[in-house]
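Visitor: Based on the hints, put chains B and C in the right spot on chain A.
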Amino acid sequence: MNRFNDLTDFSTDEIGSLLKLANRLERNPEPRALEGKVLSLLFLSPSLRTLASFQAGMSRLGGGSFVISPEMSIHGLETRPGIVMDGTAAEHVREAVPVIASYGDALGIRAFAERRSLEDDLTDREFESLASLVNVPLINMESAIQHPCQSLADWKTLNDLEIPAQGGRFVLSWAYHPRALPLAVPAATVQMAAQRGMDVVVLRPPGFELPEPIMEKARQIANETGGKVTETADRKEAMEDAHVIYAKSWSSTSHYGNRPGDQALREELVDWCIDEPWFDKARADCRFMHCLPVRRGVVVADRILDGPRSVVLQEAHNRMKVQMAVLHQMLKN
Amino acid sequence: MNRFNDLTDFSTDEIGSLLKLANRLERNPEPRALEGKVLSLLFLSPSLRTLASFQAGMSRLGGGSFVISPEMSIHGLETRPGIVMDGTAAEHVREAVPVIASYGDALGIRAFAERRSLEDDLTDREFESLASLVNVPLINMESAIQHPCQSLADWKTLNDLEIPAQGGRFVLSWAYHPRALPLAVPAATVQMAAQRGMDVVVLRPPGFELPEPIMEKARQIANETGGKVTETADRKEAMEDAHVIYAKSWSSTSHYGNRPGDQALREELVDWCIDEPWFDKARADCRFMHCLPVRRGVVVADRILDGPRSVVLQEAHNRMKVQMAVLHQMLKN
Amino acid sequence: MNRFNDLTDFSTDEIGSLLKLANRLERNPEPRALEGKVLSLLFLSPSLRTLASFQAGMSRLGGGSFVISPEMSIHGLETRPGIVMDGTAAEHVREAVPVIASYGDALGIRAFAERRSLEDDLTDREFESLASLVNVPLINMESAIQHPCQSLADWKTLNDLEIPAQGGRFVLSWAYHPRALPLAVPAATVQMAAQRGMDVVVLRPPGFELPEPIMEKARQIANETGGKVTETADRKEAMEDAHVIYAKSWSSTSHYGNRPGDQALREELVDWCIDEPWFDKARADCRFMHCLPVRRGVVVADRILDGPRSVVLQEAHNRMKVQMAVLHQMLKN
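Chains as they are written, first to last, in the working numbering: chain A, 1 to 333; chain B, 1 to 333; chain C, 1 to 333.
Excised from the complex, chain A in its bound form (with noise of 0.2 angstroms):
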C-alpha cells in the first residue's frame, strides 16, 4: 500500500482485509513486525487522538516514531508556493515536507481545510500539493475533505456492534458547535456508510447542506454497494428506525470562509444539541457515534455521551488497531 487518502481507493473485500488484519493484531500481537522501521507524523493542525494512537501503534510493532509541528522549525513553515521568504518564516514545506519524509519508511500528513476557497477543500488542494512533494508511503491522517483513518475506524466500530451493513440506517447528524467546523469528517462519513452498503441519512438544518460533490459522490457509491444516501432536514423522519446516529458539526456550504454569514445561520441552532427526544422513533439499541474532541452539552447531552448508547471511546480505541493494520500492510517486508 503505498497511499492511505480515501476508502473508496479499495474495494470492499481490501477493507474487510484490512479489519481482519486489525482483529489478528489484536489476538496475536507482531511486536517485531516493523523493527528498525520508522514512522514520520507531520501535524500542520493539532493532534491529541492522531498522535498518540500513532504513536502507540508503532511501538506496539517494534518500530518508532517522531512528531513534527510547525513551530520546530525557527519561525514556522510557509506553505505559499513561489513568495520571497522575507517575512517570518524561515523555512518552506518545499523543503521541511520531502526532507520529514526522508527520515521515515512512510509519512504522516495532518492539515486541516483552509476553509477560503470550498473548490480548493473539496479538491484537496493544499494536502495534495504537501503529498505531491512526498516519496515514500503516504497516511492522510486528516485533510480538507479526507479523515480515512477515522472512517475505517468507524466501520470497524459498526463491524464489532455487529450493525447491519446491508439494510443498517446510519443518521449523519449535524449538531451545534459554536464554530464553524471543517467538512472531512462529514464528507468522510457519509462515503464510508455508502461505502459499508447502509441506508444512509443526511440530517441537517436548511443552509447546513452538504456541498453537492460530497453527496453526489456517496450517491455513486451506495449505487455500487446496494445502499442508499438521502438527505432531510426533518428529525423525525431521519431517525425512524435507525441503528446509529453520527453526530458532527460543520460549516456553512452556503456561507463556506465567510464567519459572520456562517455565525449569523448558526446561532438559531443551539437545540440541534442530540438528546433522548431525538431517539424515539430510533431502534431501542440505537447507537451515538462521534469522531472526538466533543464539546458536552453543546453536540451532546451529556447523559447521552455517558450513557449505553455512546460508543465514541470504542471507535477512538479503534482508531490505533484500524491503523495498526495500514502501518502494517504498509511497511512490513
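Keep in mind that a hint or two might mislead.
[Unchecked claim] Covered, in the sense of this in silico footprint (three residues per stretch, anywhere, with C-beta under 8 angstroms from a C-beta of chain C), are these stretches of chain B:
(1) 1-13
(2) 40-49
[Unchecked claim] Simulated restraints on C-beta separations:
(3) B:N333 x A:P277: 45 to 51 angstroms
(4) B:R27 x A:R32: 46 to 52 angstroms
(5) C:Q166 x B:R27: 49 to 55 angstroms
(6) A:G82 x C:D160: 25 to 31 angstroms
(7) A:S132 x C:P206: 38 to 44 angstroms
Keep in mind that the hints were calculated from the coordinates and are not lab data. Every residue, glycine too, gets a C-beta built ideally from N, C-alpha and C.
Guide: Chains B and C alone, transformed into the frame defined by chain A:
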C-alpha cells in the same frame, strides 16, 4: 500491580522487592522485557525529569511511550464536570483520559494541586476523579498530595548511601521560595521516611506547619515501623545528629489558596536558605536531599548543592531506576 | 567515541571509517544494534531536521530517545552561574543537564550562539560550559561555532556526488538574509572542505569576512591535507571552475552582536541571492548546497533550489545516515 499511587499501599517487603528489582535491572538489563508494550504519559502540569525518566525507562525495557499534554487538544482540556462546553475548551477529560489510557498498557498522570481547597487537595480529589476514568494500570506521576515515584527514588537513594533505616535521623525542612508550592513532595516525603522506620523531624517556621492529616498519617505509619515523627521550628534541635536534611518549600497551611496571605508570611523567611551553618550540630557526613527543580541561592546555597553533602543528582537518576522496576512489575507478562 | 564535537578531532581515516559505516548500515540495517540504549536530546534552540533525524536514527538502530527543551521545566532553565534564582526560572542547567544526561547512554546538545561576545562564541564558551556538566558520551548538535553532524553529512554528500576531494573547488558563499545568523555552519563548513583537501574559496562581501581564527584554523588544516583556503569578494573569480557552491548567511564580524550596525551593512546586499548567473564561469555540473532551513527567493532563487544543481535534500537526508554511524560507534557494545 494495578496502581502505583501511594507507597503505603505496599508493605515494606514489597518496597524492598521493587528496590531489589531496580538493582537487578541495572546489573542485568532486560532490553526486550516490555517489547510491544506502551506507556501513555499524560501531563496536565509541566515536567522535565518525570517525562525524561519514564520515556528513557520504557526504552531501556524495550517498550514505547507517548506524551500528551493539554495544548495538544484544540484549545485545551476541560476538567469541570457537568459543564456546557460553549467556551474555549473543545474536549473534556472524560473523553480524553479514557481514550489516551486505551492506547497504552499503563497510564501515568501528572496533575498538580489546584490549591483552591485544602480539603480537596488532601483527599486528592482531582487526581482521583481522573483516575476513576482509567481502566488500565495507573501511575501517579505527582498529584496534589502524592509523589510515589519521587519517594521510592528517595528511599533507594537512602539505601544506596547506607543511611540507617531504624534510627537514621531524617529532617524534612521547609525552605524559602518566592512562590507558594504544593504539598505533594513534603507529604510523600514525611510518609516515606516514617515508613522506612526513620526518626523524622519536620522543621518549619510558624505558619508552615504541615496539615494535621498529613502529620497524623505519618505518625501512624511510624508507630507500625518503629520510626518516630516530630516537628519543630528550632533548627538546632532539628538538625542535631541528623543523617540527612531534605529541603522543600511548601504553601502555608493557614493561608492555603490565599496568595497574598501566604506571601506576607513568606516574605519574612528568606533566611530559610539551607547553608553550611545549618549543619553545625548534624553528623559530619549529613547529606542534602531535594527533589528538584531547586532554586539556587534561594532554597539552598550553591556551596551545599555543589559540595559533597548534595545527593540531588543521585535522587534524580534513581527516578529512572525505580520507575523501571515499577513498569517491569506492572507490565511484564 | 566519547565526544563528537569537532571533525578535526578525527583523522581523515577515522572520518572515512564513519562514512563507510554509514553506507554499511544503509545496505545492511542493524535494527537491534542499540536495543535498550537511550539517546537524550537537549534542545536549547529550536530544531526540525536535527530532532527528526536523531530520533529516526535511534529507532532504526533499535534504541530509543527522548527530547527535552527549556519550556518543559517550570518557567525555563537558568544558565548564568552563581546567580540567586529569585526571578522566573525555577531550574538551573547545573542540575538539569547532568540529570538529563544520566537518563541516556549519550547526550546530544543544541545551543545556538548567544552573539554577545565574538570571543566567547569562537571559544564555544556556552557549549563547553554545558559539556563540562556531562559524563556520558556527548554529541554537538550545533553550538556557537561547531556543527559536526552537518559537516559529516556534507562530506558524505560530496563523496556520494563524486566531487573530487583533492582539487575539487568548493565555494562557501555568504548570502543575503534579513537577520544576522550564527557562525557555526560557515565555520564548520570551511573547515570540513579544507579537511577533505579541497580548493576552498570563501566568497563574501566587505564587512562579512569570517573571523581570522576561523580562517587561520582552516588554512592550517588545508596545509596538512593538501588543500587550499582563500577568500575574495569577487563572485566571478570565486566561481571559476567551481564544483560546488555552498550558500550560507552569517553575521558581520565587524558588527558582531551589534544588530543595527549589522543591519545597516546587510541591507545593501539583497543581491547576494544565489541565482543562475552566478554559475556562468563554474563547471557545467556545479552543485548548490545549503544546510537548510533556507529562505526561498532571498538566499537563493527558486529555480536553483528546484533545479538539478540543488542537492539540499540529499544533504538533509545524509544527516540521518551519518548520525546513525556516529551513534553506532558511540553506543554499540
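Visitor: If a hint holds in the structure, say so; if it does not, say that too.
Guide: Here's how the hints hold up against the structure:
Check result for the region 1-13 of chain B against chain C: violated, 0 residues qualifying (beta carbon to beta carbon below 8 angstroms, three or more required). Closer than 8 angstroms: that is the beta-carbon criterion, and the region 40-49 of chain B has 4 residues meeting it against chain C, so the requirement of 3 holds. Checked against the hint of 45 to 51 angstroms, the pair N333 of chain B and P277 of chain A passes, with Cβ atoms roughly 48 angstroms apart. The beta-carbon spacing between R27 of chain B and R32 of chain A, approximately 26 angstroms, falls outside the hinted interval of 46 to 52 angstroms.
Remark: the range hint 49 to 55 angstroms for Q166 of chain C to R27 of chain B is upheld by a beta-carbon distance near 51 angstroms. In this structure, G82 of chain A and D160 of chain C meet the distance hint of 25 to 31 angstroms, their C-beta atoms being roughly 30 angstroms apart. Between S132 of chain A and P206 of chain C, the C-beta spacing of about 42 angstroms keeps the proposed range 38 to 44 angstroms intact.
When each numbered hint is compared with the structure, violations occur for hints 1 and 4.
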